[in-house]
Amino acid sequence: MSAYLLRRLLTTVPLLIGINLLTFVLFFVINSPEDMARMHLGQKHVTQEGIAKWTHERGYDLPLFYNGKAEGLEVLTKTIFVEKSLGLFLFRFGHSDAGRDIGADIRQRMGPSLAIAVPSLIVGLLMDISLALLLVFFRLTYLEVWGAALCIMLMSISTLFYIIGGQFLVGKCLQWVPISGYDSGLEAIRFIVLPVLIGTLAGVGSGVRWYRTLFLEEIEQDYVRTARAKGLSEAKVLTVHVLKNAMIPILTGVVVVLPLLFTGSLLTESFFAIPGLGSYTIDAINQQDFAIVRAMVFLGSFLYILGLLLTDISYMLVDPRVRLQD
Amino acid sequence: MPQLLPTDVFFFLTLFGLFGLLVYSLGQTHLRRPWQKVFQSTQAMVSLVILIPYLLVAVADSIRLEGVLVPQAGEGPVASSEPLSLLDLGLQRLRLSVEKTYSAPLQVELHAREMVRLPDGREIWSTPRLRYGGSHLIDPFKERTSDLFRRAIKGFFKGALVWLMLTVPLLAMVVWWTGDKRRVLLDIALGRSRFPWRAVLLAGLFLAMVVGVLAEWAAVYHVLGTDKVGADVLYQSLKSIRTGILIGTLTTVATLPLSLLLGILAGYFRGWVDDVIQYVYTTLNAIPGVLLIAAAMLVMQASMARHEAAFQSLALRADVRLLALCLILGLTSWTGLCRLLRAETLKLRNLEYVQAAKVLGVSQPRILLRHILPNVFHLVLIAVALDFSSLVLAEAVLSYVNIGVDPSTESWGNMINTARLEMAREPVVWWSLASAFCFMLGLVLPANLLADVLRDAFDPRRVS
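Note that the protein sequences, when read in sequence, are chains A and B.
For the first sequence, counting from 1, position 52 maps to 52 in my numbering; every step adds exactly one.
For the second sequence, counting from 1, position 127 maps to 127 in my numbering; every step adds exactly one.
So here's chain B without its partners, still in its complex pose (with noise of 0.2 Å):
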């Protein structure tokens, strides 16, 4: 049975609008340029190729379903008692090998020392062995070198082959399309296509690669460690994404409706209406945004805690609190844009063809739609790009302020927050916030370099 939780809920239709603000703008005649020079750009397409599996591990890990049956060991498959996601279902092994606790990358022990009872009963002070971290191996220290080894030329190998599968079929779509199957081939080769076809394949193969060896690791090994209560922090970086994007793009839900509407009514119709809205975002901006946003978070925690009895489960609750700071977010950060469009607005209402469908009798709300609306697009688009990393980012501040996602949802700001204290440890516990880093790295670092080249395409005072 498919279970939604109201952030999956709001997440899907938040692709689907996007994805159908997307759509529309391709097909704007005035748009088509900047959405040439972006499928042009080497930067932006290779940017893409990484953000898709990030998008797709979201998507994959908003999609849950109840009562699925987990292997248990000693016993058979129970079904399991709160719904899993799809990406729990592909990461069953990650999820459900739980160590002690702490162990370093690729380790078959544990990290710190303890009181080892041998067989013969004596006691040494020793690492013991992880339950599952290369379980399989008989004498570790002969063998884990050459057996990461050769594993890891295996995923590679894996993760080649996969990227051969799709790319052929690609390619000789392009070459079927284009003719020229020589001159084609020559030219995405060289690297003279249009389209960046050979930076976007060397990317995709980078990335298979990589995803390949991993996977060939992680199906014996914790490849990234584990934590303190010995779960995987593979697992838990992977979980962590959903967190990140859906901060990133849920918030935008709740910008976008309101600057936009308000932006483009006090920039059109002036007066007292232009007078009201600027004074609403002139004082919500006036306050300090990390401020505003703890306020409310403050108050919103205490009507939930108010509320106690209205959730059922503890995941419904931090979903909630989930849902309860994009809103918060949005409704705190939409001044910017709301600023943005209203002088865009002012100056649009102005140019003749909107003065002409004025003269010609069309009615307001059709002005609106379809004369000022179109031409504000590339704001909102820059708009939405260039808040979407800051966003990211943001959460992980928030979590380390207590403001933040529920501490029992799995984010790179939690993760942080609890590597912290693990740095003053002896020996020094670092992979939790390494593979933090690395993971949202991974997502703001292409984020922004595709924000940047949006940005140069669609901005118009930019023009090169």
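Just chain A, with the same shape it has in the complex (with noise of 0.2 Å):
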């Protein structure tokens, strides 16, 4: 078992490297930092010395891969690939372009976006599983024909309009709740039912429908045949042994997701106003932040690796019968 994690480990290693070397040629081959620069500082009325102090201050004039002028181990290190990527393998972040430091704006800023996340998970996950199961029970009724249209059609709308109609309806024409931002301590919750809520009901469609073909894979085995037979109630069998061997797909599902939660989500934390990552990802992205994204694409690669580490070791506790020596 330790031989089998030891060999999965090692095989994030490429990947790493691929994902670092990937940022590196998007943002510093194909986009030379004078572009960087250039952009910035608007694109009109750049003088050349503008651009070079720009470079200078955010230690971007060096040259790419091997620096001349410097003595000794430095002509290596003293490079934009070494001091700008290689640090990312550390978390080493870095300061962003407008001067800020980055690991620290992080560390600070995985609290929130794990508070809105968490819920968000726990309760859409309870929410499309229990109704997928009433959809499955009721099967080959019209409940289930019109309950699966129902599920198209919630898929078939934009995030955006339950996000903003939300906020509308509850925030503002019921006053329930406060539209948007944040607090500390207890008093996070108030800020935090309607993205939960939202959240629950955008992904309500396309979860139901998911977790439904799971339930149907299931039911058609023998297994369930022999409950039935043995005189088990339709909702005993569902409840108890499809959803006990539906729970690895699920279980799958869930994993690999679970480590991307600290990097929260883009849309409702930048429409809700909370201080998490998702809206610092956006921020950066508006201000047109490189450094800020480049670390945002790496510790959201390196999260997305682990969960798939995570999901390889979570199969090898559930499932007795997944052989992993082989």
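Take every hint as true, because none was put in to throw you off.
Each pair of labels, with its calculated beta carbon distance range: (1) Leu89(B) with Trp146(A): 39 to 45 Å; (2) Thr47(A) with Ala434(B): 44 to 50 Å; (3) Gly99(A) with Arg122(B): 54 to 60 Å; (4) Ala160(B) with Ala273(A): 46 to 52 Å; (5) Asp222(A) with Met173(B): 48 to 54 Å; (6) Ala434(B) with Glu187(A): 32 to 38 Å.
Please keep in mind that the hints were generated in silico from the structure rather than gathered at the bench.
In this text, a Cβ means the ideal position worked out from N, Cα and C, and glycines have one as well.
Both chains are sitting in their own frames, so use the hints and assemble them into the complex.
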């Protein structure tokens, strides 16, 4: 088992290197630091000195791979590649183009992101699974037909409409909760309710459809027939046997997104003005802050790979049939 | 003089390509049964009835003419400075009847109050009449409702008439083809025909009537109101159709070659080819989609800023950005299909008929083209259909994050983006958002329903 884990861990290394190289090529080779400077300083009225000053202040004026002007080992280390890209492996994100410490920002903003993302995940999951079970329970009736149609309908509406509509209805017309904002401690609950509700509603269409197919696949299996044959009620068959066996695919879907909860949801956080990593990223994109976007690309990918690893481990723990040695 | 923007060229090429694929697959024996299933599905055919007008609008908006004469207020017609599409020409009135600022749907007055100077010199606080919307009415408070009603009835019957003119020859052809007249007509009337004629015709009738009423109203009113600068919202929504469909279809052009080529090669040759391709798509897949798109768009914007001089006009610049967005979306979304194709090819290459072809000395390119490719076609079809609607939805989100289409391009994303702030106004300006919602739902919902049927019909695992 530990050999398997070790092997899995080792396969992530080339992946991380690949992502690092990709971001490096994207941000420094295709797009030279001078372009960044020009974009930041505005198209017109840009002087060569202005560009030089901007790139120097942010350490973008170094050569890409080989620094002929430096001495000793610094020939290799005093380069953009080492300073800007390799540091990501050690989570040294450096400073944003506006001069803020990205690492500190990320640590500070993880909390609010989690405060929204975790309840959203849990409420959404419970909602999706119970509705899907309900649809499967009433399969081959009109309720299922219309339920499935409603799911497609909900899926066809852009998330933006859910957010804008929800904010308008609950926040502005009914005034139950504040429209947007965030607070620390228990006070935060007032601000969390609406995003969680809207996030659940926005995801319910595709979620229910997905879990429904999972359950429908299970329901064809022999053990279900056995359970029915020994006289269990349909409700019991579904909640005890089917749900339990569908746990593996459900788990795979959930575990892989767990680490990504840290980075939060771009849209929700930005609309509800929650100071998390999602709104951080959006602000960075809007301000065209390349350093932050680069850091977030790497962080997001790292967390995704972590999620894949966790999925494998959870497989191992949950399903004794999975033989991992081979 | 016709004029083509880059996206127009690619759009028509894509349409021809997709049409060719469709015709090709209809001729394939092993795909005949699934296609039959699709054609007999009411859900699919009704969705198609709604999707086709959308497609026609997009096509009409992609054929551009240069130097068209445009009527000018006060003076004679003037040659327009920018190329106009057929849609623009058809909706000339909507395009040119620009009001001062916001006005609600079908209203004859501006939305917000302002100071109005009366003829006798007094100033009062009221809502002035619109320049174009309902300008034919003398006393709008008495006449508006009855005028709307009269026009609705007229549009209703006009729509029904057009529908009748299309339906009668069509039915005549069906009857002529099948022979037994009375039975065929009875079957259709009772909804028993194999092709869902009744549902399709009823959907067509409904559509024709709605379009008829809207057209009749749009001739003198702003059916969906006007926006901040007084432009007609219905016109904007119609113009946005092209952007939505373009993103949904052009992206597949960037996706298909990559995923087809790499997926089949990886599955067929295995070994190091497989390793390399798997490595590439796992790496790309690991980067969260939005972030990758954002990064690529930022880089693209920077390089467009560098080559500022290469763009002769703002329209061209916006168009290139749209094309780049499609390519970037395609480059970031080919991995899913590639993985599916690889797995399917892995399975196929070990089947007897491929082995037999190998033993008989069929060349490898030929095996790939003749034996593997037709048998993974269904996966491609399902992926294209499923991706279409999610891409249309993605456009709106990306525009909100400022990494979507150019702000000057008409798109539902941009409409939502501006409407977001209007919801906070007092009194609320809701119609931009509502029309974007309706038009998007009208495209995405049928696309989803159609994709649903396609998947059920073509996915061999769902034998029912």
